[in-house]
Amino acid sequence: MFNSLSDRLGATFDKLRGKGRLTEDDINLAMREIRMALLEADVNYRVVKGFVASCKEKCMTAEVLESLTPAQNVVRIVLDELTALLGTTESKLVLAQNRTPNVIMLVGLQGSGKTTASAKLAYLLKNQGHSPLLAACDVHRPAAADQLETLGSEIGVSVFRGDGKDAVAVATGAIDEAVDHLNDIVIVDTAGRLQIDEEMMQEAVDVKNAVKPDQILMVVDAMTGQDIVNVVSEFSERVDFDGVIMSKLDGDARGGGALSVREVTGKPIKFVSMGEKPDSLEVFHPDRMAKRILGMGDVYGIIEQAQKAAEASDIENAERMLREGFTMDDMLDQMQQVRKMGGLKKMVGMLPGGDKMLEQAGGAMDDSQITRIEAMIRSMTKEERLKPKKINGQRRKRIAKGSGRSVQEVNQLLKQWGEMNKMMGKMRQMTAGGGNSKKARRQMQNMFKGMGGMGGFGGGKMPF
Amino acid sequence: MGMFDRLKEGLTRSREALNEVFYMGGEVDEDFWEDLEDRLVMGDMGAEVAMQVTDDLREQAAREGLTTAPRLRDALARRIADEFATAERDPFDDTPSCVLFVGINGAGKTTTCGKLAGFAKDAGKTCILGAADTFRAAAIEQLEVWAERSGTEIVTRDRGSDPASVCYEVLERAESEGADLVLIDTAGRLHTSPELMRELAKVVNVTRKRSEMPVSVVLVIDATTGQNGLNQAKEFNEALDLDGIVVTKLDGTAKGGIAVAISHDLGLPILRVGVGEAIDDLQTFDALDFSRALVGEE
Chain A
1 MFNSLSDRLG ATFDKLRGKG RLTEDDINLA MREIRMALLE ADVNYRVVKG
51 FVASCKEKCM TAEVLESLTP AQNVVRIVLD ELTALLGTTE SKLVLAQNRT
101 PNVIMLVGLQ GSGKTTASAK LAYLLKNQGH SPLLAACDVH RPAAADQLET
151 LGSEIGVSVF RGDGKDAVAV ATGAIDEAVD HLNDIVIVDT AGRLQIDEEM
201 MQEAVDVKNA VKPDQILMVV DAMTGQDIVN VVSEFSERVD FDGVIMSKLD
251 GDARGGGALS VREVTGKPIK FVSMGEKPDS LEVFHPDRMA KRILGMGDVY
301 GIIEQAQKAA EASDIENAER MLREGFTMDD MLDQMQQVRK MGGLKKMVGM
351 LPGGDKMLEQ AGGAMDDSQI TRIEAMIRSM TKEERLKPKK INGQRRKRIA
401 KGSGRSVQEV NQLLKQWGEM NKMMGKMRQM TAGGGNSKKA RRQMQNMFKG
451 MGGMGGFGGG KMPF
Chain B
465 MGMFDRLKEG LTRSREALNE VFYMGGEVDE DFWEDLEDRL VMGDMGAEVA
515 MQVTDDLREQ AAREGLTTAP RLRDALARRI ADEFATAERD PFDDTPSCVL
565 FVGINGAGKT TTCGKLAGFA KDAGKTCILG AADTFRAAAI EQLEVWAERS
615 GTEIVTRDRG SDPASVCYEV LERAESEGAD LVLIDTAGRL HTSPELMREL
665 AKVVNVTRKR SEMPVSVVLV IDATTGQNGL NQAKEFNEAL DLDGIVVTKL
715 DGTAKGGIAV AISHDLGLPI LRVGVGEAID DLQTFDALDF SRALVGEE
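Respectively, the protein sequence lines represent chains A and B.
Using the numbering used here, the letters of the first sequence map in sequence onto residues 1 to 464.
Using the numbering used here, the letters of the second sequence map in sequence onto residues 465 to 762.
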C-alpha cells in the first residue's frame, strides 16, 4: 500500500523513467495513479476527474522541456495545474476603508477550530496595529464563551460576552461596545453548525444580516474528507463567505480539501492555521499547498521553521564556535534545535524524497538516538564538555555507566565530535580571520542563517 | 428512533447517490462497477478498501449469479459489514470500567464524555468524570456543564496542571466511593506531535497502572474526517494501544466511510456512533445496520 502521494507518484515515475518519450498509454497510466493518489489526499472525486482530464490534455499537447525527463515534465505540468487551481495570488483580508468598526465573522462545522482561529486572527490584527474586539457569539456549546475569554486574556484582547443567550444580540452588542471602546475591528466567533441544520444556518444568516460583516471567513479542517464539497457549497449558498481559513495544517493531512473548496466555490483560501500557539496563523501560499498535496516536500516550511528556531543568540554562538572550537555543549544545543523543529523524522519528512528516505531507514531514523546522545553528554562534567579531549578511558567508562550506554557508544560520540570539530576548523580557515573583520562576520552570519542553526547538519556527519 | 433509522436519515444523500448507481437501467456493466468504486471512495472509504470491496462483490456476483440491484445491494452491505472488527466487550456497559477518551482537537471528546455520563446515570450506574483536558481553554468548564446536566460527580484540577494527576485522583475517588464507571476526557492533540503523544502515553500508563477496574482507551473520530483519519488512528494506536473507536457527527452528509478502513485495518471495534445532537443520539454500533444505511437498503 502506498502511504502518501509522493510514494505513489515516485513509484509511477520510476516506471516511466528511462524512457525517451511518453506514449499515450504511459500518460494514461500516470494519470490513473495521480487520480488514485489525489483521492487518497482527500481531494473530492469530481474535482479529481476534472483535474486529471485537464492534466492529461496538457501532457499530450504541452511543449516538452528538453532539459527535463518525460517524468519530470509530467510532474511539472501537474504541479503547475494544481498551483493554478489553488489560486495564483495570495489573498489577504479586504476591509472597508471608511467603516469603523470593521467586522469579520467566522463560521464552520463543530470542532473545525473557529474559536481558536478567532483568537489567532485577533492576535494577528493586534500585531498589525489594530485594536480588535472578540465577540463570543457561540451561545450553544457549553463554556465556549469561557474558552474565548481565556484565549482573549492570553493575547490581551477584550472579549464581549453579552447576555450569552442570543447570538444576534451578542453580535450587535459587541459592535456598540467596540464603538464605545474605540476598537476598530470586531471578530465574531459563531457556534459550530452542520450545513443541513436549518435552524442553525438561519441563525448564522441572522447574525450576518444584523452586523453586515466586511469579511466572512469559513474555517475548514484540513483533515476533512470527501464531504467537504457538500459542506462548503451549502455554506457558500446560505451564508456566502468570502474566504477560507484551513485549520490543523500542522498535522500530516495532505489537505486535498483545499483544492475541492477552491474548485467548488471559487472562494480563496486566505489563511492556514498551523498549531496551538496564537502566532500560528499564516497567509496561504498556493504553491506551497500544491507541493504539499503532491507530497513534494515543504521546503519553504522547513526553512521558515529553521529560521524561527535560529535566534540571534544562536548566531552569536555559531561565531563563538568558529573562534573557539566546538564543545559538547554545542552538540547538545544542536540536538535540542532538532527537537525544537519537531524532531528528526518531521524534518526529514519535509524534504523532497524524505518520505522515501524514512521508509528505507525503517525505524532507524527516530529521535531515540538524540535522546541517547543527550544522556551521554549530560553524564559528562562541565570540564569534559568544554574540553572533550580530556576524556580518557576511565572517564569514558564513567560516562557510559552514568548514561546507561556502552563504552563503544561513548567512543562513537567522541569520534563524531572530533569530526565535527575538524569541520569547524575548516570553516574557520574558509572565513579567514576568525571573525575579526566585519566582512568575515557577515559571511559567517549568512552562512549560519542559511544553515538555520543546524550547525553540523549540513556536513552529513551527524550520527544518524 | 433506532440507530438504523437515524443513520438512514443522516445518510440519505449517500443512499440516494448509491441508489442512482443501482437503478441505472438495472444493467450491470463496466460503467456500473467503475461508478460504484467512485461512490465508495466518495464516502471516504478509501481508494484501496473501495477497490477491494468492489472486486470482491464482482467475483461474488459472477459466482452466485447476482444480477439484480437489490441482491447486489444486500451482498454489498454484508460485504462492508464484514470489514468491521467486532467488540469483545462494551466498556460502557460492562462495569466496573474506566474509559479514557483520546483524539485530535475538535473530534468531540468532551461532548461524548458528557453524553455517556448522562447515559450511565439513566442506566442507574454511578459514574465519575475526570477532566484531564487541563490544556484547552475552558475545557474543564465545558465538562463541568455536562456533569451538572446529568448530575454526575466530576474531578477537576486547575488548568495547566498535570493531567495524569487528575486520572490518579479520579480513580482514587472512584474506588473509595465504589463507582461503576469512570470517564476521563483528555486534551485534543495531533498525532504528529511526538511530545504531546508522549504526554498522553504517560497519562494512559498512569491510569492503567493505578486502576483496579479494566481500562479502555477509546479514540474519538469525526465522521467528516478523510483519509488522514487512518493515519490518526494508526499513530494513536501505536502510542496507546487503543481498545475501540467512537465515531461522532454522523448526522451531517458525511458518510463516515473512514470508519470502515480504521476498523478493518487496525482491528478496532466501533463502540458508539454519534448520529445527532441529543444525548440519546449517541448509539451502539451495528455493522450491518450501518452498512445497509450506507448502501441504501430499505
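Honestly, the hints are just simulated from the structure, not real lab data.
Note that the structure is predicted; figures quoted are calculated from it, not measured.
Accuracy of the hints is not assured; some may be wrong.
Sample of chain A residues at the chain B side, in silico, Cβ under 7 angstroms [stated by the list, open to error]:
id	residue
1	Glu33
2	Gly111
3	Val139
4	His140
5	Gly164
6	Ile196
7	Glu198
8	Met200
9	Gln202
10	Asp206
11	Gln226
Calculated lysine to any residue pairs in the SDA-like style (CA-CA distance at most 25 angstroms, straight line) [said to hold, decoys possible]:
id	chain 1	residue 1	chain 2	residue 2
12	A	Lys340	B	Ala703
13	A	Lys340	B	Leu704
14	B	Lys698	B	Ala545
No residue lacks a Cβ here, since even glycine has one placed at the ideal position from N, Cα and C.
#### Entry: Hinted contact glutamine 226 (chain A) with chain B - closest CB pair below 7 angstroms
holds (5 angstroms)
### Message
Run the distance test for lysine 340 (chain A) versus leucine 704 (chain B): straight-line Cα separation, threshold 25 angstroms.
### Response
This hinted pair holds, its Cα atoms lying about 24 angstroms apart.
### Task
Tell me if isoleucine 196 (chain A) is really an interface residue toward chain B, meaning its C-beta lies closer than 7 angstroms to one of theirs.
holds (6 angstroms)
### Message
Does the closest beta carbon of chain B sit nearer than 7 angstroms to the beta carbon of glycine 111 (chain A)?
### Response
holds (3 angstroms)
### Query
Can the hint on histidine 140 (chain A) be confirmed by a CB-to-CB distance to chain B that is less than 7 angstroms?
Violated, because the Cβ-Cβ distance from histidine 140 (chain A) to chain B comes to roughly 9 angstroms (cut-off 7 angstroms).
### Task
Go through the hint on aspartate 206 (chain A) and say holds or violated, using the shortest Cβ distance to chain B against 7 angstroms.
Since the shortest Cβ distance to chain B is 19 angstroms, the answer is violated.
### Query
Any CB of chain B closer than 7 angstroms to the CB of glycine 164 (chain A)?
violated (12 angstroms)
### Query
Would the pair lysine 698 (chain B) and alanine 545 (chain B) pass a check requiring their Cα atoms to be no farther apart than 25 angstroms?
holds (21 angstroms)
### Query
Given methionine 200 (chain A) as an interface hint, is the shortest Cβ-Cβ distance to chain B below 7 angstroms?
violated (10 angstroms)
### Query
Under the criterion of a CB-CB separation shorter than 7 angstroms, is glutamine 202 (chain A) in contact with chain B as hinted?
Hint on glutamine 202 (chain A): violated, closest Cβ of chain B at ~16 angstroms, above 7 angstroms.
### Task
Have a go at the glutamate 198 (chain A) hint: is there a Cβ in chain B nearer than 7 angstroms to its own Cβ?
violated (13 angstroms)
### Query
Can the hint on glutamate 33 (chain A) be confirmed by a CB-to-CB distance to chain B that is less than 7 angstroms?
violated (11 angstroms)
In terms of the numbered hints stated before, the structure departs from hints 1, 3, 4, 5, 7, 8, 9, 10, listed from lowest to highest.
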